[in-house]
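Sequence lines, in order, name chains U and G. Counting along the first sequence from 1, when you hit position 45 you're at 45 in our numbering, and nothing is skipped either side. Counting along the second sequence from 1, when you hit position 10 you're at 10 in our numbering, and nothing is skipped either side.
Take the hints with a grain of salt, since some may be wrong.
Some, not all, of what chain U presents toward chain G, calculated at C-beta under 7 Å [said to hold, decoys possible]:
{"id": "1", "residue": "Ser15"}
{"id": "2", "residue": "Ala262"}
{"id": "3", "residue": "Phe317"}
Lysine-lysine pairs mimicking DSS-like chemistry, simulated, CA-CA at most 25 Å apart [claimed, not checked]:
{"id": "4", "chain 1": "U", "residue 1": "Lys59", "chain 2": "G", "residue 2": "Lys57"}
{"id": "5", "chain 1": "U", "residue 1": "Lys45", "chain 2": "G", "residue 2": "Lys59"}
{"id": "6", "chain 1": "G", "residue 1": "Lys57", "chain 2": "U", "residue 2": "Lys8"}
{"id": "7", "chain 1": "U", "residue 1": "Lys57", "chain 2": "G", "residue 2": "Lys59"}
Since the hints were derived computationally from the structure, they do not count as laboratory data. Built from N, CA and C at the ideal position, the CB exists for glycine as well.
Protein chains: 2
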Amino acid sequence: MSLHISAKTQAMPASAIRKLVPLSDAAKARGIHVYHLNVGAPDIKSPDCAFQAVVDKCKGMHHLSYTNSAGLIELREGMVEKYYKKIGIDIEVPELLVDVAGSEAFAVAMQVAADPGDEIIVVEPFYTNYQTFAYLNGITLKAVPTDIREGFRIPDISEFEKLVTPRTRAVLLSNPCNPSGKLFTKEEMLAIGDFCRRHELFLISDEVYREFCYTDEPHFSAMNIPGCEQNVILVDSVSKRYNLCGARIGCIVSHNRDVMTAAMKFAQSRLCPPVLGQYAAIGALDTPQSYFDEVRAEYIRRRDCAVEMLNAMPGVFAPTPYGAFYTVVELPVADAEDFARWMLTDFNRDGATTMVTPAASFYKTPGVGRNHVRIAYVLEVPALRKALTILGEGLETYRKQHADEMA
Amino acid sequence: MSLHISAKTQAMPASAIRKLVPLSDAAKARGIHVYHLNVGAPDIKSPDCAFQAVVDKCKGMHHLSYTNSAGLIELREGMVEKYYKKIGIDIEVPELLVDVAGSEAFAVAMQVAADPGDEIIVVEPFYTNYQTFAYLNGITLKAVPTDIREGFRIPDISEFEKLVTPRTRAVLLSNPCNPSGKLFTKEEMLAIGDFCRRHELFLISDEVYREFCYTDEPHFSAMNIPGCEQNVILVDSVSKRYNLCGARIGCIVSHNRDVMTAAMKFAQSRLCPPVLGQYAAIGALDTPQSYFDEVRAEYIRRRDCAVEMLNAMPGVFAPTPYGAFYTVVELPVADAEDFARWMLTDFNRDGATTMVTPAASFYKTPGVGRNHVRIAYVLEVPALRKALTILGEGLETYRKQHADEMA
Numbered sequence: 001m002s003l004h005i006s007a008k009t010q011a012m013p014a015s016a017i018r019k020l021v022p023l024s025d026a027a028k029a030r031g032i033h034v035y036h037l038n039v040g041a042p043d044i045k046s047p048d049c050a051f052q053a054v055v056d057k058c059k060g061m062h063h064l065s066y067t068n069s070a071g072l073i074e075l076r077e078g079m080v081e082k083y084y085k086k087i088g089i090d091i092e093v094p095e096l097l098v099d100v101a102g103s104e105a106f107a108v109a110m111q112v113a114a115d116p117g118d119e120i121i122v123v124e125p126f127y128t129n130y131q132t133f134a135y136l137n138g139i140t141l142k143a144v145p146t147d148i149r150e151g152f153r154i155p156d157i158s159e160f161e162k163l164v165t166p167r168t169r170a171v172l173l174s175n176p177c178n179p180s181g182k183l184f185t186k187e188e189m190l191a192i193g194d195f196c197r198r199h200e201l202f203l204i205s206d207e208v209y210r211e212f213c214y215t216d217e218p219h220f221s222a223m224n225i226p227g228c229e230q231n232v233i234l235v236d237s238v239s240k241r242y243n244l245c246g247a248r249i250g251c252i253v254s255h256n257r258d259v260m261t262a263a264m265k266f267a268q269s270r271l272c273p274p275v276l277g278q279y280a281a282i283g284a285l286d287t288p289q290s291y292f293d294e295v296r297a298e299y300i301r302r303r304d305c306a307v308e309m310l311n312a313m314p315g316v317f318a319p320t321p322y323g324a325f326y327t328v329v330e331l332p333v334a335d336a337e338d339f340a341r342w343m344l345t346d347f348n349r350d351g352a353t354t355m356v357t358p359a360a361s362f363y364k365t366p367g368v369g370r371n372h373v374r375i376a377y378v379l380e381v382p383a384l385r386k387a388l389t390i391l392g393e394g395l396e397t398y399r400k401q402h403a404d405e406m407a
Numbered sequence: 001m002s003l004h005i006s007a008k009t010q011a012m013p014a015s016a017i018r019k020l021v022p023l024s025d026a027a028k029a030r031g032i033h034v035y036h037l038n039v040g041a042p043d044i045k046s047p048d049c050a051f052q053a054v055v056d057k058c059k060g061m062h063h064l065s066y067t068n069s070a071g072l073i074e075l076r077e078g079m080v081e082k083y084y085k086k087i088g089i090d091i092e093v094p095e096l097l098v099d100v101a102g103s104e105a106f107a108v109a110m111q112v113a114a115d116p117g118d119e120i121i122v123v124e125p126f127y128t129n130y131q132t133f134a135y136l137n138g139i140t141l142k143a144v145p146t147d148i149r150e151g152f153r154i155p156d157i158s159e160f161e162k163l164v165t166p167r168t169r170a171v172l173l174s175n176p177c178n179p180s181g182k183l184f185t186k187e188e189m190l191a192i193g194d195f196c197r198r199h200e201l202f203l204i205s206d207e208v209y210r211e212f213c214y215t216d217e218p219h220f221s222a223m224n225i226p227g228c229e230q231n232v233i234l235v236d237s238v239s240k241r242y243n244l245c246g247a248r249i250g251c252i253v254s255h256n257r258d259v260m261t262a263a264m265k266f267a268q269s270r271l272c273p274p275v276l277g278q279y280a281a282i283g284a285l286d287t288p289q290s291y292f293d294e295v296r297a298e299y300i301r302r303r304d305c306a307v308e309m310l311n312a313m314p315g316v317f318a319p320t321p322y323g324a325f326y327t328v329v330e331l332p333v334a335d336a337e338d339f340a341r342w343m344l345t346d347f348n349r350d351g352a353t354t355m356v357t358p359a360a361s362f363y364k365t366p367g368v369g370r371n372h373v374r375i376a377y378v379l380e381v382p383a384l385r386k387a388l389t390i391l392g393e394g395l396e397t398y399r400k401q402h403a404d405e406m407a
């Protein structure tokens, strides 16, 4: 016996997205302006109706009690009627449970689907916290590789078949994808659905970026894969949709009643979702379509700016993302994490620098993605232009300094 | 392979506190008024300053972004300066991290202290969700028994010693205790502290009911056990203190830097605590002392009413609780869960019934507590009186119907 931190916690991976934060804090302390292309924290205005609902509820409130562990019925009914029905996802109230944002929803979904020792198939690159929660629950992620040069398109389903073992329990994906911005086509989703059905696997579909699609086709939800009703567990959130990241409100949705019964056990163990955030989410249900249209147009401008500027940098390859507000970019460096650190510690242009997220931890396959970074195009075009100009200049300087290594 | 819910989830215990909710919902649907003595959801007014802070922040807010994973610095500094310093707990800001209520704080504390296969010592009866999170993380709880007839006083430390094995990692307790209302004395805490120091164990002290103490002695926090600075992990929450259960804001506090580094990894994995709740908690820091004094006086009235009425019922034994707003009561029935169900399904007096929580699941030792219920005295005295009158009448009727079983 000794007073030590559990081995599980010691070996727990620190957040890849947040681990460079001390370096950016230090840069700021030196007076450097840091352009944040590293986190999916957009500057878009939230719909006023969200905050108005909170203000209305708080005025004259007596006390703030627990809600049902599944969330306020007003929010659950509102989501079903005012949001999901409108976008063509046909569900009943008992098939939806409010969670503490998408983070809790996918953590619960993974545990409902898989025991310690079980395996879940993901498509590479994938959101790093999937790995964190897999690790914490003794679940192994098996990764289907994709190719940045092919815009991260989903490979032939035989690549999924190769990974199946007796311990495989689910496929987990985000669509549109964080970090790649990949938008899964209807055909790709149908193929994955067929695969899940044939192998009796759950399909955990994280669709928190659903409103951020830049093709003419509507987003195709896993909830609408015919014959997959019992397989699909939908993970959703109001964080990105209404730019209410701080509300910490999401939901888990499934036609599978056993899944919902299981999810309710987890919900009860943490008593209830944040109530003030639930009020904001209720208010946000009245967001007009024009809000989404404007936000979408704005992100298309930003994406186009980002992709054009990135591909104009010597040696950089940036595929065009069709969803979310991220893109994974190949840089002409050996170690993108070293470059990202260097941008914060050693480089500035007129007192400013740009922060990006090294992408290696979005991959499971060893060595893959070491020269990739994730760019979140979450700034207005003028600021984005400056940030990318600085990134390009930094890259040039860094390459000159590291010419020997690259040779 | 087959599409089934994980064995871990299937075997996960459903919330003992919430599992009778469907029966109370059904009673209400039949037009029965249900007095809720089953949940710690008080009717006390929250301080106005909490809601005012939310209103002030929401007016004109642009968007609701993530905060630091450790919480807003304004809240962390405020808790340290305006709350903990005032009550004699001397900590620095890096020693406090905001969590999603006490629920997340103790779940994290348990995982930081113990690996799967490790053991944590608890004092019986204990908060049932400790068992849930122990189960989910493969941790075994070992229970030190107490005796309701002795007011749940902490037994000689030799009872703790008996449970120590090479896998013991921590002692976990709530003080004042949910469910028993037991308030640990300074002497009891020093003895437990000494035990933890000798065996190099963490002492996870859940003090979310700290403001609800009914003796003349001030609450003695585990944070003030001399020489235990590296052992103690404090779990706290604004839920009960300001009746902001729905805010879902708590914190984990420790002088042990390794613990805080570990807790931060968990914090990053769920991005940030609810931001609107953080605003409410910041506002609540300006709650005047008179608020706590009035609430305390009110709970003493309720407790005295409850204990007197309960002990006046034939065959009932109710010890006097000195903290929190619960008491565990011995009933003259063979199976308190059956009785609690029966109160909801088969009994009413003039269209009203009373709901209590069967206490067996607050015990780890098999068979112990089967004739115990937890009573939350969270209603104003007139309503509490009615609820307990109905409980007494129900008990009499139930005993007559079950006379054979009891004989």
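Structure-based check of each hint:
1. Annotation: Ser15 (chain U) was flagged as interfacial toward chain G, and the flag holds, the nearest CB pair being 4 Å apart, inside 7 Å.
2. The beta carbon of Ala262 (chain U) is positioned within 7 Å of a beta carbon in chain G (closest approach about 4 Å), and the interface hint is therefore held.
3. Contact between Phe317 (chain U) and chain G, as hinted, is not supported at the beta carbon level, the nearest pair being about 30 Å apart and thus beyond 7 Å.
4. Our distance criterion of 25 Å between C-alpha atoms is met by Lys59 (chain U) and Lys57 (chain G), whose separation comes to about 13 Å.
5. The hinted pair formed by Lys45 (chain U) and Lys59 (chain G) meets the criterion: a straight-line CA distance of about 13 Å does not exceed 25 Å.
6. Using a Cα cut-off of 25 Å, the hinted pair Lys57 (chain G) and Lys8 (chain U) is violated, with the two alpha carbons roughly 39 Å apart.
7. Taking the CA atoms of Lys57 (chain U) and Lys59 (chain G), the gap is about 13 Å. The hint holds against a cut of 25 Å.
Against the hints set out earlier in the document, violations occur for numbers 3 and 6.
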